[in-house]
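**Student:** For reference, the chains in residue letters:
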Amino acid sequence: MIAVIDYGMGNIFSIRNALEKVGADVRIIAQPEELDNADGIVIPGVGSFGEAMKQLLPFQEKITSAIETGLPFLGICLGMQILFERSQESPESGFGIIEGEVIRLPDNVLAPQMGWNELNIKRDTDIVKGIEDGDFFYFVHSYHCVPKDKKIVIATTEYGTEVVSIIERDNICAVQFHPEKSGGKGLLLLKNFLESIKC
Amino acid sequence: MLARRIIPCLDCDLGVPGGRVVKGIEFKQIRYAGIPWELAERYYLDGADEIVFLDITASHERRETMLAVIKKTSKNVFVPLTVGGGIRSIEDARAVFNSGADKVAINTAALKNPNLINQIADRYGSQACVVAIDAKRRYESVDGKEIVKTPDGDCWFECSIYGGRGFTGIDAIAWAEEAEERGAGDIMLTSMDRDGTCDGFDIELTKAVSERVKIPVIASGGCGNPEHILEVFQKTRAQAALAASIFHYGKYKIVDVKRYLKEKGIHVRL
Numbered sequence: 001m002i003a004v005i006d007y008g009m010g011n012i013f014s015i016r017n018a019l020e021k022v023g024a025d026v027r028i029i030a031q032p033e034e035l036d037n038a039d040g041i042v043i044p045g046v047g048s049f050g051e052a053m054k055q056l057l058p059f060q061e062k063i064t065s066a067i068e069t070g071l072p073f074l075g076i077c078l079g080m081q082i083l084f085e086r087s088q089e090s091p092e093s094g095f096g097i098i099e100g101e102v103i104r105l106p107d108n109v110l111a112p113q114m115g116w117n118e119l120n121i122k123r124d125t126d127i128v129k130g131i132e133d134g135d136f137f138y139f140v141h142s143y144h145c146v147p148k149d150k151k152i153v154i155a156t157t158e159y160g161t162e163v164v165s166i167i168e169r170d171n172i173c174a175v176q177f178h179p180e181k182s183g184g185k186g187l188l189l190l191k192n193f194l195e196s197i198k199c
Numbered sequence: 001m002l003a004r005r006i007i008p009c010l011d012c013d014l015g016v017p018g019g020r021v022v023k024g025i026e027f028k029q030i031r032y033a034g035i036p037w038e039l040a041e042r043y044y045l046d047g048a049d050e051i052v053f054l055d056i057t058a059s060h061e062r063r064e065t066m067l068a069v070i071k072k073t074s075k076n077v078f079v080p081l082t083v084g085g086g087i088r089s090i091e092d093a094r095a096v097f098n099s100g101a102d103k104v105a106i107n108t109a110a111l112k113n114p115n116l117i118n119q120i121a122d123r124y125g126s127q128a129c130v131v132a133i134d135a136k137r138r139y140e141s142v143d144g145k146e147i148v149k150t151p152d153g154d155c156w157f158e159c160s161i162y163g164g165r166g167f168t169g170i171d172a173i174a175w176a177e178e179a180e181e182r183g184a185g186d187i188m189l190t191s192m193d194r195d196g197t198c199d200g201f202d203i204e205l206t207k208a209v210s211e212r213v214k215i216p217v218i219a220s221g222g223c224g225n226p227e228h229i230l231e232v233f234q235k236t237r238a239q240a241a242l243a244a245s246i247f248h249y250g251k252y253k254i255v256d257v258k259r260y261l262k263e264k265g266i267h268v269r270l
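Respectively, the protein sequence lines represent chains U and P. Heads up: the first sequence begins at 1 in the numbering used here, then just goes up one per residue. Heads up: the second sequence begins at 1 in the numbering used here, then just goes up one per residue.
Bear in mind the hints are in silico, worked out from the structure with no lab data behind them. Since the model is a prediction, treat every value here as computed from it, not as a measurement. Heads up, the beta-carbon is just placed ideally off N, CA and C, and yes, glycines get one too. Treat the hints with care, as some may be off.
[To be verified] From the derived model, a few chain U residues whose C-beta atoms are all more than 10 Å from chain P:
1. A18
2. E118
3. K129
4. D149
5. E180
6. S182
[Said to hold, decoys possible] In the PhoX-like style, the derived pairs of lysine-lysine whose C-alpha atoms are separated by at most 20 Å in a straight line are:
7. P/K75 <-> U/K185
8. P/K75 <-> U/K21
9. P/K75 <-> U/K191
10. U/K21 <-> P/K214
[Unchecked claim] Covered stretches of chain P (chain U as the covering partner; in silico rule of three or more C-beta atoms under 8 Å from a C-beta of chain U):
11. 75-84
12. 107-121
13. 138-146
14. 195-201
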C-alpha cells in the first residue's frame with residue numbers, strides 16, 4: 001500500500017488517480033498512525049513551505065523514522081523542498097533529511113515557473129528508466145532546491161539557472177515537477193517508483 | 001526553456017444528462033462535438049499540453065454536472081485541467097479544485113469583482129488562476145482607450161461579459177495588466193471577432209496584450225488550421241494557443257500539429 005499524505009496542501013486527487021493508473025494500491029492518509037502499514041510514502045503538495053511544515057509537524061517523526069528504516073519515499077514539488085534544511089520562503093525549518101537549502105528562482109525569469117520544461121539527465125538510475133534527455137515534465141514552482149551533495153542529482157532543468165529537478169539518495173526520491181500532470185512520461189516515473197517498492 | 005502549449009478547449013453544454021461538448025460560432029450557433037471526458041482523454045493521449053473545459057450553460061443547477069465531469073475526466077487525463085464558466089466565488093473555485101481541476105478560468109466574475117483574482121491566487125497560487133478575457137474590436141474612438149493599429153483601421157478592444165452577451169466599456173489591454181498585478185497566472189485571451197470563424201487568431205490583439213504582460217497569454221478564437229497557430233507564435237509573444245473546432249471534428253490531430261510546429265522551429269513538447 002502506498003500512503004499519500006494529505007496535509008491540506010494541494011490537489012491529492014491527481015496524484016492518487018495517477019498512482020492508481022499505474023497499478024498502485026493507494027491510501028490517502030491524514031493521521032500519522034495510519035502510516036504504519038505503508039510500503040511506500042508519497043508527499044505531494046503545492047503551497048508555501050512554512051505552511052507545509054506546520055501541517056506536516058504531526059507526521060515528522062513517523063516520516064523521518066520510516067525513511068531511516070529504508071521505506072521508499074517520493075516527494076513531489078513542495079514534498080521535495082520540505083526534505084531540505086531550510087527555505088528562503090519561510091523561517092520554519094525543513095525536515096533536514098537532505099543537506100542544503102531551497103532558494104528563490106532568479107529574478108531574470110518569471111516566477112512561478114509554470115509549464116512544460118525539459119530534463120537534462122545527469123545520472124541514469126532506475127527512477128528515470130525509459131525517460132530520456134529532453135523529455136518534458138510539468139513544473140509549477142517559485143523556489144528550487146540546492147542540495148549540498150551534487151552526487152544525488154539525477155536530473156536538472158534550465159530555467160534562468162540550473163534547477164535541480166530530480167534527486168535520489170538510497171530510498172529517497174524527490175522531484176520538483178508534477179509527474180501526475182506530466183502525461184505519459186510522468187506516469188512512467190511513478191511506475192518506476194512503484195517498481196522500486198516491489199523489488 | 002518552457003515549451004509553447006497547445007490547448008484544446010471543450011465548450012460544455014451541461015443541460016443534457018452527463019453533459020456534451022459543443023462548439024459555437026461567434027458566440028452564437030452551436031454544433032455537437034462529443035462527450036466531455038471522452039474527448040478530453042482523446043486529446044490527452046494525442047499530446048494536448050493542457051485541457052480546458054468551459055461550462056457554457058453555467059447556471060447553478062448544472063454545477064453538480066460539471067463537478068462530476070471533472071471527477072470523471074481527472075481519472076484518465078494526466079495533464080493540467082482548467083475549468084471555467086460560472087465560477088463566481090472562492091467557494092465555487094474550491095468545489096472545482098476539490099473535484100480534480102488544476103486551474104480555474106474566471107471572466108465575468110473577475111470583471112465584476114476583481115478581488116476574486118487576489119483571493120484565488122492567494123489561496124491556490126497564481127498558477128491556479130486563469131483570467132479569461134473576451135475582447136471585441138471597437139473602431140469608434142473613445143477617450144482613454146488604448147488604440148491599436150490593425151489592417152482594418154485603428155481600434156480598441158472592449159471586454160465582454162456573460163459569454164458575449166454583455167459589454168463593460170473596459171479596455172482589454174488595461175484589464176489584462178490589472179489581472180496580472182492581482183495575481184493571475186495566465187491570460188486566456190479570446191477574440192470575439194474571430195471566435196468560430198476559423199479565419200486565424202487576432203494577431204493585433206494577441207500581440208498588444210502579450211507584449212504588455214509578463215505572464216503567459218493563451219491566444220484564443222479563430223484557429224482554423226496549423227498555420228494559424230504558427231502565425232500567432234511567430235508574430236506575438238503568446239505562450240499557448242487554444243483551439244476547438246480544428247481538433248473536434250477530426251480535421252487535425254494535436255500530435256501532427258505539434259510536429260508541424262517543431263519542423264518550423266517552434267519549441268513544443270512532443
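**Student:** Decide, hint by hint, whether the structure agrees.
**Tutor:** Each hint tested on the structure:
1. A18: 6 Å, violated
2. E118: 8 Å, violated
3. K129: 18 Å, holds
4. D149: Given that every Cβ of chain P is farther than 10 Å from that of U/D149, nearest at about 28 Å, it holds.
5. E180: Violated, since 6 Å does not exceed 10 Å.
6. S182: 7 Å, violated
7. P/K75 <-> U/K185: 17 Å, holds
8. P/K75 <-> U/K21: Within the cut-off at roughly 8 Å; holds.
9. P/K75 <-> U/K191: 16 Å, holds
10. U/K21 <-> P/K214: Given that 20 Å is the threshold and the Cα spacing comes to 36 Å, the pair is violated.
11. 75-84: holds (count 5)
12. 107-121: violated (count 0)
13. 138-146: Violated, because only 0 residues of the segment 138-146 of chain P bring their Cβ atoms closer than 8 Å to Cβ atoms of chain U.
14. 195-201: Per the Cβ count (0), the hint is violated.
Checked against the numbered hints given earlier, the structure breaks hints 1, 2, 5, 6, 10, 12, 13 and 14 and satisfies all the rest.
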